[in-house]
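Enquirer: Those protein sequences? They're chains A and B, same order as listed. Numbering-wise, the first sequence is residues 42 to 297 according to this note's numbering. Numbering-wise, the second sequence is residues 42 to 297 according to this note's numbering.
Quick caveat, the hints were computed from the structure, so don't treat them as lab data. Hints may be right or wrong, so weigh each one.
As the list claims (entries may be wrong) - What the simulated footprint calls covered on chain B by chain A, stretch by stretch (three residues with Cβ under 8 Å from a Cβ of chain A suffice, anywhere in the stretch; the number is not a length):
id: 1; stretch: 132–140
id: 2; stretch: 172–179
id: 3; stretch: 182–188
id: 4; stretch: 228–236
id: 5; stretch: 268–281
The C-beta atom is built at its ideal place from N, Cα and C for all residues, glycine as well.
Here are the chains, one letter per residue:
Number of protein chains: 2
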Amino acid sequence: MNADSVVRSRGGRALSAAEGRALAEQLMQSRRPRPEAPAAVRPEAAAAAASDHIPPRTEAPEPVRRSRVRPAPSADPRWRWISTRETHRGRVRIDVDEVQLPTGERTTFEVDRSVPFTVATLVQQGSDLLLARQYRYPVDRWILDLPGGGGEFGEVPEQAARRELEEELGVIATTLIPLHTYFANPGRSVWATHLFFAPGVREGRALVDPSERVQPVRMPLAELDRLLVEGEVTDPALLIARTMAAAKGLLPPVGA
Amino acid sequence: MNADSVVRSRGGRALSAAEGRALAEQLMQSRRPRPEAPAAVRPEAAAAAASDHIPPRTEAPEPVRRSRVRPAPSADPRWRWISTRETHRGRVRIDVDEVQLPTGERTTFEVDRSVPFTVATLVQQGSDLLLARQYRYPVDRWILDLPGGGGEFGEVPEQAARRELEEELGVIATTLIPLHTYFANPGRSVWATHLFFAPGVREGRALVDPSERVQPVRMPLAELDRLLVEGEVTDPALLIARTMAAAKGLLPPVGA
């Protein structure tokens with residue numbers, strides 16, 4: 042059994058009674074700090090941590106632990122990292138980590154460590170939004186999304202957001218407001234996506250894009266919201282940025 | 042040069058003048074239909090298409106093509122699929138596709154075909170929401186999210202959503218309303234995520250989960266929104282489901 046099979050067999054069916062007891066014992070103990078992987082083994086994680094790309098590992102927000110459904114355990118069990126073995130190295134990078142489950146059992150879990158982080162920026166231009174429209178081969182269609190992409194080692198998220206904004210739309214943000222940080226695929230990928238809001242932009246270098254891979258699209262907010270309500274907005278970064286801009290009072294609410 | 046490097050070198054820097062001319066010529070021609078990959082080569086894609094999991098490939102919504110920034114080309118160039126080679130087969134599945142770019146050039150692109158689709162359900166229970174809180178190893182923390190997970194071959198999204206809801210929270214949805222379909226990672230992964238809204242649930246089979254991997258969390262909507270505004274909600278499915286429930290009038294707006 043590996044940890045992936047645990048994930049797919051919830052309800053404890055994959056755990057024996059002895060494993061359950063071992064877990065109960067562990068829950069009685071105070072939480073042990075999770076040892077950091079050595080930098081030599083997980084260079085991206087170390088680089089990301091060093092340049093403060095990944096939000097700090099915090100406790101769960103208090104209200105979640107005050108669940109009325111079930112009292113939370115005194116310590117939330119985590120898996121303990123033991124080792125990492127590279128299994129795929131292309132643009133996509135897949136590691137197999139050996140881990141120790143809260144039961145004490147050792148097993149393996151596949152982790153996607155393709156990029157240190159990703160960024161995306163929601164740009165306001167006058168009373169309109171400046172979005173991107175781009176071809177996405179895996180889904181074989183042109184979709185509406187935000188300028189952005191993968192961060193590079195040595196960059197901080199704001200630098201990456203500015204670089205992608207100029208590369209993709211040919212504009213330079215005058216101000217870049219941090220909007221939100223979320224996990225694109227927290228069950229499989231290590232990286233966080235950093236969203237920014239640009240309340241204005243100025244012209245950057247002229248774009249010559251014979252591939253037409255990314256097209257700038259300027260539209261009124263009401264038009265984006267109409268597309269959203271109709272289910273036509275399919276990019277997570279764009280959907281989440283729209284929500285968080287409303288949550289922070291930068292744009293009016295969706296559905297109001 | 043492969044297509045991934047095109048993605049990282051926008052502005053046409055990766056394309057020669059000759060390639061640009063080839064593209065211009067292509068843009069003058071009417072769009073050629075993209076041939077479907079043979080089922081033997083891409084079994085998941087074929088299975089997904091057969092059971093109608095993936096939303097139909099539609100043209101971009103009309104307002105996007107009426108961009109005021111730049112007139113859209115008469116035909117949106119797509120890449121033509123040539124062949125698929127498996128390069129990683131575990132829980133994560135990575136293919137290298139050979140493709141033909143709009144310039145006519147042949148190159149390769151890595152595609153994640155790990156699951157046919159994913160599902161997640163936002164549950165309303167009286168005046169509260171019934172959410173999940175679960176440990177996510179790649180980001181080494183417990184996060185607030187929605188019951189859900191990967192679909193299985195032969196399932197339709199609603200079946201998968203019901204199965205995951207009972208497996209993870211021990212509840213059965215009386216009604217399941219389709220909320221939205223988005224692409225979790227459209228630049229790399231083929232699968233869509235199907236969101237549902239359950240306006241009520243009844244008790245399913247009792248959960249015995251000694252691993253404590255998924256905890257049910259019941260909280261008032263106002264509490265979720267407070268966490269959201271404070272930046273504590275980091276799961277894309279939960280963020281997007283909250284927005285779409287507002288867009289469809291099922292919940293009040295965020296930020297109102």
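Enquirer: For every hint, state whether the structure bears it out.
Expert: Hint by hint, here is what the structure shows:
no.	hint	result
1	132–140	holds (count 6)
2	172–179	holds (count 5)
3	182–188	holds (count 5)
4	228–236	holds (count 5)
5	268–281	holds (count 12)
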